[in-house]
Amino acid sequence: MLRHINGTALIIAALVATVAALAFPVWSYADRSGTGQANLNASSVATQWGPLSATDRDFLVKVRLAGLWELPAGQQAVERAPTQAIRDAGDHLVVGHTDLDQRARDVAAKLGVELPNQPTEQQQGWLRELSAASGVEYETKFANLLRNAHGKVFGLVAQVRHTTRNSLIRQLASDANQTVLDHITMLEATGRVDFDAIANEAAGQATASPTGPPAPNGNLPPAPVPAVPAPGQTFTSLPSARPGPPTSIETTRP
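All residue numbers for the sequence shown refer to the UniProt record's numbering, where the first residue is 1 and numbers rise by one.
Because the hints were derived from the structure by calculation, they are not lab data. None of the values given here were measured: they were computed from a predicted structure. Note that CB positions come from ideal geometry on N, CA and C, so glycine has one too. Watch out, some of these pointers could steer you wrong.
As the list claims (entries may be wrong) - In silico DSBU-like links for lysine-lysine, alpha-carbon gap of 30 Å or less:
id : residue 1 : residue 2
1  : 110       : 152
2  : 62        : 141
3  : 62        : 110
4  : 152       : 141
5  : 62        : 152
As the list claims (entries may be wrong) - Ranges of calculated distance between the beta carbons of each label pair, as one might list FRET restraints:
id : residue 1 : residue 2 : range
6  : 36        : 181       : 39 to 47 Å
7  : 117       : 42        : 27 to 35 Å
8  : 204       : 163       : 38 to 46 Å
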């Protein structure tokens, strides 16, 4: 009898220990520091426009820093660029960053975020490079330094627009998205952007292996065969992309 009681007690004790071992990781993970959720909560402050995270604050600083060097770079291009395409890109930089910088400073003032008043050492170095260059060298440096910088901030804009819980930051990210894309488009229109260099730099900084379908074997796929209605069959067009009633077009084989 005593053996039976001891055996039952051991079984119960083992079950309790097993349940505790299974439950502890779940409990401890939910409350431990160092998780992504814990870091987000710890870095965020409450505002009347929604929580303001560390990423949101970093975004505000980067928008300000972009204007501090890209605005003078644009002014310089307008004044001394040898081609109209570079001058046009410079003009877009001036107009876009003048407006975006004002918006960023307004948002920062409301949210109590301190912004820098000087470009970083690296950005000042870029401005010195531009000032020392001329002719084709100037055009190439201008297009590539600024295209590379805009491409990098473009990713941050997308991340912030996707994840922010603050309505002021969300609207600023929407504005920045339009401005940065406009500047990228204008810089590429100069014909001076080295896309190979941009791709190689990004590849050198990547930490994960690329994924996707295998590379093509060099043979182009066959051209798509247009759909032809059978005798007596009719096709109706899709609605127009522009506002207005859809237009129905019937096509029959002669």
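* To do: Given the hint that residue 110 pairs with residue 152, test it: the Cα-Cα distance must not exceed 30 Å.
  => This hinted pair holds, its Cα atoms lying about 27 Å apart.
* To do: May I ask you to test the hint 27 to 35 Å on the CB atoms belonging to residue 117 and residue 42?
  => Check passed, 28 Å falls within 27 to 35 Å.
* Verify the proposed pairing of residue 62 with residue 141, using a straight-line Cα cut of 30 Å. => holds (21 Å)
* Asked: Within 39 to 47 Å or not, the Cβ separation of residue 36 and residue 181?
  -> violated (29 Å)
* Asked: Taking the CB of residue 204 and the CB of residue 163, does the distance hold inside 38 to 46 Å?
  -> The hinted range 38 to 46 Å is violated for residue 204 and residue 163, with Cβ atoms some 27 Å apart.
* Are residue 152 and residue 141 close enough, with their CA atoms no more than 30 Å apart? -> Holds - the C-alpha atoms of residue 141 and residue 152 are around 17 Å apart, at most 30 Å.
* Asked: Taking 30 Å as the top limit, are the C-alpha atoms of residue 62 and residue 152 close enough?
  -> holds (11 Å)
* **Agreement of residue 62 and residue 110 with the hint, judged by alpha carbon distance not exceeding 30 Å** => holds (17 Å)
Hint compliance for this structure: hints 6, 8 are not met, and every other hint is.
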